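Visitor: What follows is the residue order along each chain.
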Amino acid sequence: MANNRGDKNEKIRIVSKKFVVRTIIALSVVILLYIAALYRTNADPIRLVRGFGIIWDMVFTDLLPPDWSYFSTSFEYLVETWNIALLSTTFAAIVALPLTFLASNNINKNPHFYRFVRSLLNFLRTIPDIILAILVVAFIGMGSVSGIVALTIFTSGILAKMLSETTEGISQGPLDAVKASGGNKLQIIRYGVLPQILPYYASYTLYVLEMNVKASVVLGFIGAGGIGQLLNRNMKFFRYDRLSMILIVLFVTITLIDFVSNRVRGYLE
Amino acid sequence: MIEFKNLSLTYPNGLEALKNIDLKIEQGEFVVIVGLSGAGKSTFIRCINRMTDPTSGQLLVDDEDVTFLKDRQLRKLRTKVGMIFQDYNLVKRLSVLRNVMAGRLGHTGTLKSLLGIFPQKDLQLAMDNLERVGIRDKAYVRADQLSGGQQQRVSIARVVTQQPKVILADEPVASLDPPTSHKVMKDLRRISKEDNLTTIVNLHFIDMAMEYADRIIGMRNGEVVFDGPVSEVTEETFEQIYDRPIRVDDMRGDETDGE
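Protein chains in written order, with our numbering: chain A, 4 to 272; chain B, 82 to 340.
Just so you know, not all the hints are guaranteed correct.
Within a straight-line C-alpha distance of at most 27 Å, the following computed DSS-like cross-link-like pairs (lysine-lysine) qualify [said to hold, decoys possible]:
#1 B:Lys151 x A:Lys188
#2 B:Lys105 x A:Lys188
#3 B:Lys267 x A:Lys188
#4 A:Lys164 x B:Lys161
#5 B:Lys219 x A:Lys112
#6 B:Lys173 x B:Lys151
#7 B:Lys161 x B:Lys246
#8 A:Lys188 x B:Lys246
#9 B:Lys161 x B:Lys86
#10 A:Lys164 x A:Lys217
#11 B:Lys202 x A:Lys112
#12 B:Lys157 x B:Lys193
#13 B:Lys274 x A:Lys112
#14 A:Lys112 x B:Lys86
#15 B:Lys202 x A:Lys188
#16 B:Lys151 x B:Lys219
#17 B:Lys86 x A:Lys188
#18 B:Lys246 x B:Lys193
#19 B:Lys157 x B:Lys219
#20 B:Lys274 x A:Lys188
#21 A:Lys112 x B:Lys157
Honestly, the hints are just simulated from the structure, not real lab data.
Keep in mind the model is a prediction, meaning the values are calculated, not measured.
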């Protein structure tokens with residue numbers, strides 16, 4: 004039958020008609036979302052083009068040249084930011100380790116306790132760090148201690164979560180070997196688990212340090228100490244020349260930390 | 082001395098892995114358990130150090146009922162009963178010596194072991210045992226740098242450093258080639274005879290069982306279907322245990338194979 008082979012004159016498409024229809028529907032939905040967003044935010048192209056002039060002025064009259072003499076002050080606050088990041092990362096690394104083992108189902112064999120710890124970690128991560136910091140500042144006041152406490156709470160949750168996933172993926176063999184030779188739970192962790200996760204522990208801790216440096220800059224804006232606080236103050240006084248000095252210091256430092264940390268982590272994993 | 086008294090084990094899924102096992106193993110015997118995979122060999126061995134728990138009957142190790150031991154008593158049992166695994170179960174990133182020292186954990190206080198402090202005489206013991214399996218020069222090499230045969234020898238050194246009375250070996254040569262298999266089995270037999278250890282090995286290779294065992298226990302479907310000295314074993318015995326004719330792959334081959 005001719006019908007079975009199809010009409011010879013009919014064009015053969017590379018995709019099915021169904022696919023074309025679905026794609027058109029999906030694209031229309033996305034475009035509609037964009038139009039709605041533009042409409043709701045009163046964004047219009049002309050304003051955007053005019054805005055370029057403002058950006059130009061901002062960069063070449065306000066930000067440039069930077070106030071180079073402000074370097075020492077910026078640096079001083081940068082050191083505070085670094086210290087906040089370093090201390091909170093250290094505390095987080097210490098707190099995260101026992102949490103990790105409680106949140107790994109191959110070590111914590113009590114399913115209810117395991118699920119409780121897991122939910123706790125998930126809950127910790129759902130609170131944005133900035134909200135956490137606002138709460139902590141409300142409790143213990145302005146200053147770097149608040150930053151350290153907020154970041155420790157936030158990142159120990161992240162670290163424990165990442166590390167417990169690694170722990171659940173390690174090979175069971177060495178754990179069985181220690182168990183079969185009469186080792187207790189702590190000895191199993193120390194001689195079966197720890198050697199297997201140590202490189203990841205170091206790597207994740209460095210990653211968290213990177214995160215904490217950036218986060219502690221932001222936290223400075225809400226009074227949790229460090230260079231963010233300085234940034235905020237100079238913005239309020241329209242000292243954009245000083246602002247640009249701070250930004251340069253920040254840019255160089257964060258790039259440097261990320262570079263070093265990435266190199267070391269590449270070596271570790 | 083190990084004594085099974087009417088021991089049975091039924092897994093939660095209903096599988097009867099051991100059915101009414103009744104037998105005695107004397108101190109210093111070198112016993113090989115043979116049987117097809119799924120016959121219950123592993124379960125048999127893992128009951129003795131309670132890595133799996135029997136569901137009924139009684140199991141005596143050293144005249145002590147170990148069927149229901151818990152926590153501290155259980156760990157004490159496990160320091161007496163060492164184990165060798167098919168995949169060696171070494172920590173690959175640690176040195177050979179550290180892996181061997183893991184065998185001492187049952188004898189070392191928790192705090193000291195967490196800090197990694199071991200008595201000099203234990204380190205000496207570990208080194209001597211590495212010497213006995215011929216790889217003392219590898220003591221500070223990372224475990225993953227060693228060949229399969231060398232890794233299994235590390236695990237023999239680890240288990241002997243534990244100074245057990247019994248060694249359980251669960252398919253210790255299944256991942257090795259024929260010549261290496263023979264070297265490992267020779268080391269294991271020599272050391273267990275030197276130290277008068279009771280050794281129970283799971284194997285599914287007929288020729289290896291015949292070459293190294295004092296006594297052979299045959300298992301099929303969770304039951305002991307043969308138990309006797311190696312001198313009483315013939316090819317028919319294996320056909321009876323396996324419930325089918327002997328095949329080429331039931332043999333490991335001799336020491337020159339695969340070289």
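Visitor: Does each hint hold? Answer for all of them.
Guide: Against the structure, the hints:
1. B:Lys151 x A:Lys188: Measuring from Cα to Cα gives roughly 13 Å; hence the hint holds.
2. B:Lys105 x A:Lys188: Answer violated: Lys105 (chain B) to Lys188 (chain A) is near 32 Å, above 27 Å.
3. B:Lys267 x A:Lys188: Violated, because 34 Å separates the two Cα atoms, which is more than 27 Å.
4. A:Lys164 x B:Lys161: Measuring from Cα to Cα gives roughly 38 Å; hence the hint is violated.
5. B:Lys219 x A:Lys112: 36 Å, violated
6. B:Lys173 x B:Lys151: Violated, at roughly 30 Å.
7. B:Lys161 x B:Lys246: 5 Å, holds
8. A:Lys188 x B:Lys246: 23 Å, holds
9. B:Lys161 x B:Lys86: 20 Å, holds
10. A:Lys164 x A:Lys217: 20 Å, holds
11. B:Lys202 x A:Lys112: Violated: Lys202 (chain B) and Lys112 (chain A) sit about 35 Å apart, past 27 Å.
12. B:Lys157 x B:Lys193: With Cα atoms ~18 Å apart, Lys157 (chain B) and Lys193 (chain B) stay inside 27 Å; holds.
13. B:Lys274 x A:Lys112: 39 Å, violated
14. A:Lys112 x B:Lys86: Given pair Lys112 (chain A), Lys86 (chain B) is violated - Cα atoms ~31 Å apart, limit 27 Å.
15. B:Lys202 x A:Lys188: 25 Å, holds
16. B:Lys151 x B:Lys219: It is violated: about 37 Å lies between the C-alpha atoms, which goes past 27 Å.
17. B:Lys86 x A:Lys188: Violated, because 30 Å separates the two Cα atoms, which is more than 27 Å.
18. B:Lys246 x B:Lys193: Roughly 24 Å separates the two Cα atoms, so the pair holds.
19. B:Lys157 x B:Lys219: Cα-Cα ~30 Å, so violated.
20. B:Lys274 x A:Lys188: The hint is violated at about 32 Å.
21. A:Lys112 x B:Lys157: 21 Å, holds
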